[in-house]
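Put chains B, C and D on the given structure of chain A with help from the hints.
Protein chains in written order, with our numbering: chain A, 1 to 489; chain B, 1 to 489; chain C, 1 to 489; chain D, 1 to 489.
Read the hints as simulated data drawn from the structure, not as lab findings.
All C-beta atoms, glycine included, are put in the ideal place defined by N, C-alpha and C.
A few of these clues could be false.
Using C-beta positions, here's what the derived DEER-type ranges look like [as the list claims (entries may be wrong)]:
#1 483/C x 174/D: 47 to 57 Å
#2 467/D x 28/B: 33 to 43 Å
#3 157/A x 17/D: 50 to 60 Å
#4 264/C x 463/D: 53 to 63 Å
#5 408/D x 225/A: 34 to 44 Å
#6 467/D x 353/C: 30 to 40 Å
#7 159/B x 124/D: 41 to 51 Å
#8 167/C x 467/D: 36 to 46 Å
#9 225/A x 463/C: 46 to 56 Å
#10 206/A x 463/C: 22 to 32 Å
4 protein chains.
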Amino acid sequence: MSLKTPKEYIDSLRGLKENLYLLGEKVENWVDNPIIRPSINAIAMTYKIAHEPESEDLAVTESMLTGKKVNRFNALYKSPEDMVKKVKLQRELGQRTACCFQRCVGMDAINAVFSTSYEIDQKYGTAYHQRYREWLKYVQDNDLCIAGAMTDVKGHRGVAPSQQADPDMFVHVVERRSDGIILRGAKAHLTGAANSHEMLIMPTLRMREGDEDYSLTCAVPTDTEGVTLIYGRQSCDTRKLEKGDIDVGNYNFGGQETLTILDNVFVPWERVFMCGEVEFSIMLVERFAGYHRQSYGGCKPGIGDVLIGAAASMADYNGVRRAPHIREKLGEMIHLTETIHGCGLACAYEGWKTKASNYQCDILLANVCKHNVTRFPYELTRLAEDIAGGLLVTTPSEKDFRHPVIGKYIDKYLRGVPEVPTEARYRMLTLIHAMSFGLVAPSYRTESMHGAGSPQAQKIMIERETDMEHKQKLARSIAGIDEREDVLA
Amino acid sequence: MSLKTPKEYIDSLRGLKENLYLLGEKVENWVDNPIIRPSINAIAMTYKIAHEPESEDLAVTESMLTGKKVNRFNALYKSPEDMVKKVKLQRELGQRTACCFQRCVGMDAINAVFSTSYEIDQKYGTAYHQRYREWLKYVQDNDLCIAGAMTDVKGHRGVAPSQQADPDMFVHVVERRSDGIILRGAKAHLTGAANSHEMLIMPTLRMREGDEDYSLTCAVPTDTEGVTLIYGRQSCDTRKLEKGDIDVGNYNFGGQETLTILDNVFVPWERVFMCGEVEFSIMLVERFAGYHRQSYGGCKPGIGDVLIGAAASMADYNGVRRAPHIREKLGEMIHLTETIHGCGLACAYEGWKTKASNYQCDILLANVCKHNVTRFPYELTRLAEDIAGGLLVTTPSEKDFRHPVIGKYIDKYLRGVPEVPTEARYRMLTLIHAMSFGLVAPSYRTESMHGAGSPQAQKIMIERETDMEHKQKLARSIAGIDEREDVLA
Amino acid sequence: MSLKTPKEYIDSLRGLKENLYLLGEKVENWVDNPIIRPSINAIAMTYKIAHEPESEDLAVTESMLTGKKVNRFNALYKSPEDMVKKVKLQRELGQRTACCFQRCVGMDAINAVFSTSYEIDQKYGTAYHQRYREWLKYVQDNDLCIAGAMTDVKGHRGVAPSQQADPDMFVHVVERRSDGIILRGAKAHLTGAANSHEMLIMPTLRMREGDEDYSLTCAVPTDTEGVTLIYGRQSCDTRKLEKGDIDVGNYNFGGQETLTILDNVFVPWERVFMCGEVEFSIMLVERFAGYHRQSYGGCKPGIGDVLIGAAASMADYNGVRRAPHIREKLGEMIHLTETIHGCGLACAYEGWKTKASNYQCDILLANVCKHNVTRFPYELTRLAEDIAGGLLVTTPSEKDFRHPVIGKYIDKYLRGVPEVPTEARYRMLTLIHAMSFGLVAPSYRTESMHGAGSPQAQKIMIERETDMEHKQKLARSIAGIDEREDVLA
Amino acid sequence: MSLKTPKEYIDSLRGLKENLYLLGEKVENWVDNPIIRPSINAIAMTYKIAHEPESEDLAVTESMLTGKKVNRFNALYKSPEDMVKKVKLQRELGQRTACCFQRCVGMDAINAVFSTSYEIDQKYGTAYHQRYREWLKYVQDNDLCIAGAMTDVKGHRGVAPSQQADPDMFVHVVERRSDGIILRGAKAHLTGAANSHEMLIMPTLRMREGDEDYSLTCAVPTDTEGVTLIYGRQSCDTRKLEKGDIDVGNYNFGGQETLTILDNVFVPWERVFMCGEVEFSIMLVERFAGYHRQSYGGCKPGIGDVLIGAAASMADYNGVRRAPHIREKLGEMIHLTETIHGCGLACAYEGWKTKASNYQCDILLANVCKHNVTRFPYELTRLAEDIAGGLLVTTPSEKDFRHPVIGKYIDKYLRGVPEVPTEARYRMLTLIHAMSFGLVAPSYRTESMHGAGSPQAQKIMIERETDMEHKQKLARSIAGIDEREDVLA
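Bound-form chain A, shown alone (with noise of 0.2 Å):
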């Protein structure tokens, strides 16, 4: 059986030698660092669900390449209905967690590099492809977590990679050796790698003529030697170490990025899916982004939930829930949110078949739901924060809550309608805290804004994407510059 139990991904983790800094310290019992923790349990989440029998049909199927039943984080989708399970799948994994699982690039990478190496082979007769359906068969057969690394530090934005002041800007070959490759580079703010058993490598953008060394895919375990992983900080990350459980706001669960070092890392030709195919590197690029844009049609809506339910929690407690103006507020969070997994379901259902027979989703489609994504979080965090009331960024600690001699205060004082009890007041307060300027905020803001690209990126895809000339056509004919259409003809 090849779907770990949550206990068993955390153990397999321990067997992961990284490299690992944070906050100024090399970190040995990762695992059980209290920062890191919550980053592993929403992780584990991904493999819990996959064992509970009412969520096997989203969490579960069949594999592509075994028949075998695999983790769907680690499945090809075979059809559009597999896609709109990935985001429903998403969409209960971030009511349950509330922070990005970060399970999910991987899975897009695992795709996305699928059908590209399909193709790279078909033209340059390559065996990229087959080397990467024996390397994802492994990864299916061990149940492991994969992190898909695309985005590079890029040094000048205005600047292609192989002609940056540094050339290491982007992750690329330093050498080509006979029995594997040999890396330079760094990628930023990899979201779950440090939690994962391997990274998927991926470019980061077009390539164009000169670039051969930077046009590169390839798989490389997360404790390779030369690799380095510096935890980023997160807003209020320190909190984790107080005691209590209160001022955290989501104590299980976390996001987790990694500014993440290459530095001369040797990857043996079996793990390399691209190598020096400078034309297919923005294809890799759009089919990854467009289903990972999607992905934010499942996992954000998720978190939207749970927010929209802490917010109307808050309004309970204050007594003011019947308020129009909070009802209005309310309905306005639940249509932006179900605006945002209307178009995630809509470019999953709308998908079609890769030459290599995974399905993609449709592109437009995933790039208005992703830009979308950009944009609401943003206005429903402000309308929890409206509900909220200031109390959200003055409430004293959970210590002093707990204190002998102040204690008391802060419980009659901070008690809204008298059934509910303070705590549960301050519980709720911290909670939308978290996801508005805390720990969550990363994965619920910032990630909405910049994960999968940022909203200039889906602007440019939207234009690409729109066959515009059928548009000035209708144009032209209703206006009659064409013939106009004779419904009696």
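Coordinates of chains B, C and D only, in the frame set by chain A:
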């Protein structure tokens, strides 16, 4: 063969003896009246498309009742895919008519009455559904055009139908006879009534005890005695009476609404499909509204495509098509249009089977779709006005352009880039004018706002269709108010 | 006494022999033409208000040139308070005409040319300013109405005036004679030309070397030989030719724009105020634009007040005035309207003295004011449409309402709350229709977008008027990149 | 000379024996506590600026009571210009502290209590106003810092103060003695209490019959017996306890809020300025709110300037400063910031004289100003996050950056354009982080939402301050329901 050609449809209208008033006069030959004819052409397009091989998959389907080929506008939705094809058909027709083609109200009403009459019969042992199936077979076999007639004139909005000062503010039964019923009342801004063969009359809101006479569904031919149709004024309507084809903007096609008076109209029992079952009124209204709010995810993106094409063409003609701010605005127009369409698709794909075996779209997502429609077309016209320039509302008339003395001035001075004839620019301006101010604007703006229910109606449905307690439970679990989920449990 | 009465103003127009075309015909008695007359009435209101004791403080001021009492529309701004009174006067007139009253363009042009001609003379020793003062005294003494004429037809928007394929795309000097100059070109959508005595012609954008013939300011009576005025079509313009006073929405007042052709027009030197000083063109444009972008902070709030009042009245007539969502929407309409007005006031109060001693409003804030105007009236009309209901675009005609047979149906069925006559509801609907679709919509929507410069023009000015280096310095200091400010130092 | 230096201000705080709790501990030397100190520094800046010759005009004014020079923060507004200088002073301080500098609440409270106490005395012949003048002279003479204390903890939001289950949910008199009164209750999220010398306690909402004990205004030193200050947690507060100066974002300055407990606090009569006059409570609230809603038109634009500068700098450092979409976004940030400031200026200029002879800003425009503030800073931070990039929430810590092993990786890989040191980019990122997520975010976001009243409070005031009947009359006149204005009459 039950599929009428456009010509057959138009000829069949000549047989109707409607009592129709327009601009203060009774119109006898209303089929050829230049103000009315574009609205007939728009419906004719729904007949034409059914005869095009390349559109057959969208426009024609098998009758669930007879297995015969029927126009989709008269068909029951047999699957989610049917509803998907519906919105794609609507987008295609929106693109080709650039206005409201009016026949959707009937299509959506046909489906809502089908499932509701079935459930009434289940509860009360009545025979509405069987009668309805007979009527619908007749409609399908003759490829009739049906106007869905829901919105009452409503009088004081805060008062129930049976409590209004004037009892006729909602259509109601004034007499029950052995052979049928007598109706009185009026339907406001009824879309596509005069160019339809029959009206399918429905109640407009939730009914309560005491409203029995108002809880009514039945079919009435548009030329029944006692029916008076008063044609609504449209912005710039009389431009259709002027010579020339430019100033009107959209020469061939247009929408139509009438104030429809029902003054003691007799309806035989075999055409009555609900009569007095107050509690089913809201079911009918919500199902119809669900379908029809989805419809806007098809037609309005189609009209939007024309507007986008027109705006892009104006930018071409002005020589600024590649200016970044123009591209940004066009990209935004596409983004908003596709967001609407994505929601329209999503609620179709997520549809479910009614007890009567036709399909209903997802009610929550359909309301979300329509709620976006109450906003985005306004932003689209705003952006189109921005791109088009002030000339949009200051162009001289076509008569000036054709004038022997001043025509040359206009031709010379209203040219944009030298390669494009002034007349093309002129025509594109008047098209955009028609869509933002003129004859098409009610179709694209006000109908987007109020058609299938005003914004507040959707807000209420969005609130009602949301399981807020579930969301609050999610929040309480994450916050640790309820027990937190243990990922290792 | 230099203050004309409305009657004197209208009578004085009869003396003008304008060469005016409308709907394909030359109009001889244009003063009494029902399409044109409302625009004359709107300007007449600027004369009327100067004779009202309670408005005198706003409408009348002392001439900076002569000390005599003059209409503010012909006055130089002698202080920030003068500019404040200007926007308050504009709001009052917007409230009383519910449309563009057209005379502001001249007022703002008068001030911009005053200070610019002064600075040209300072640099070049020319005599433009003295000539200009003489002309302006004549204008003030005779209380003439002046149309500011800036916007050229522009041809290819990406090409400089002197580089256009057709050299006449911008108004320019074709011959310099000893007694004056000969002009050719056309001014697009010139506001209030036909109902003005003279045009004050200005360049429309930054000029560069080679554009000397296009760098031109001068005064031209509207009935000068060679001037042809072609009246622009307005939405629903011919409703003014129908009998009745309801359907037109705003019976008495309206805007006016003409395409103004200058075909070899002679201008004597004493009426020329800039001719060839290319570098002063942009100064003139920016000063005029600054003034005129402020003006929108006066008139549009005034028109908005009428729209808000109309929407509130419709809510009354429908019986929903106290519904929370209606109050929310009306509150939003007020909020947006007052935001515009606040910006219009602020840029006035923050004005500064030019070298010529009249006052200029704050350019940055004036652009901010206008930029909000390119957005908010669209949202206001959207909200008004929401409140008004679908009947807005489907009401029968006044002729139907007066019809002996069907009039009674309309009276019965279009009533809202019983206490309000149907006709009142009817009239309020047509007023909102006029403001959102019909005759007033170009004044309230498109003019808000493009008048005094399109949105992108403001964005450019906002960028230019901002001291970004100062802001970056602030950020560097706080961030500790530059030395941090020590509060104890 | 009554103007304290920053050092004198800070030294004076050392004399206060406050009962202050922070993170579960009583803090004795709170003046030097690293979490608290930045909030002291921010107020110190209000003292510093009064000693700068170039700012004197803004920061110093003559006392209306004594004619002596006083800090504007303790002065009465003697004219509209005074209120204009107030918002300009606030903008300057916002620019220099990039956070809430806290002293405005006192300034606005000082003015509101002044005019309200006067009117109470007029009605009741009480002596509140005279006492108040004495107290205010003392404050001015000693250049004390005053915290305005309005917001009660409020309990059940739908229940009046005297009807709450717990009578202490609003601050109230529990005993009236011959020498003074005894208070009980708590003020929520009181801005700048711990670093002020005294609190000026006011009621928080409209009081009605029965609420006499809650209708209370008085002055209480912050170290009075019975006063307990519990310091609110701020996002990322403990970063100030770490070594280094980067991660905190804004090293020197910060805001401060405390939950302030008043547990049987004695106040002598000479410090009581309202006690039981229920109907004056709403006057005081609305006047204070008017002033304070204006204040946001000063400070938030100042903070916004820093954010705009930071965003522009990040674009520089990334090499994309001239990209059109970046310029568009920066332009939008400026536009929104200046819109707020414009409204803040406008309501000042339009101010009016109270019966007590100080000035009140225009209430409607002040509410409009603040209502924009509840929206725009959220969009500003969203845009700043867009420009800054995802690194905003994933940068390693300063300790990593300084680390002997991995520091060089960070220095190499987080560089943008080669010319700018990585550290500068680092610092700019953490500044933006502080403003959007971290220590400054409560000042810039939540305070913008809830400070001086939540959005709904402004909506209510906007509705109340609008003469809707006048607007409806305008509409009725234009529509011809009332008699139309005849321009020739």
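Structure-based check of all given hints:
1. 483/C x 174/D: 47 to 57 Å: holds (52 Å)
2. 467/D x 28/B: 33 to 43 Å: violated (52 Å)
3. 157/A x 17/D: 50 to 60 Å: Taking Cβ atoms as reference, residue 157/A and residue 17/D lie about 55 Å apart, which means the hint holds.
4. 264/C x 463/D: 53 to 63 Å: holds (58 Å)
5. 408/D x 225/A: 34 to 44 Å: violated (18 Å)
6. 467/D x 353/C: 30 to 40 Å: holds (35 Å)
7. 159/B x 124/D: 41 to 51 Å: Taking Cβ atoms as reference, residue 159/B and residue 124/D lie about 47 Å apart, which means the hint holds.
8. 167/C x 467/D: 36 to 46 Å: violated (54 Å)
9. 225/A x 463/C: 46 to 56 Å: Cβ of residue 225/A to Cβ of residue 463/C: about 50 Å, so the range 46 to 56 Å holds.
10. 206/A x 463/C: 22 to 32 Å: holds (30 Å)
Going through the hint list in order, the structure does not satisfy hints 2, 5 and 8.
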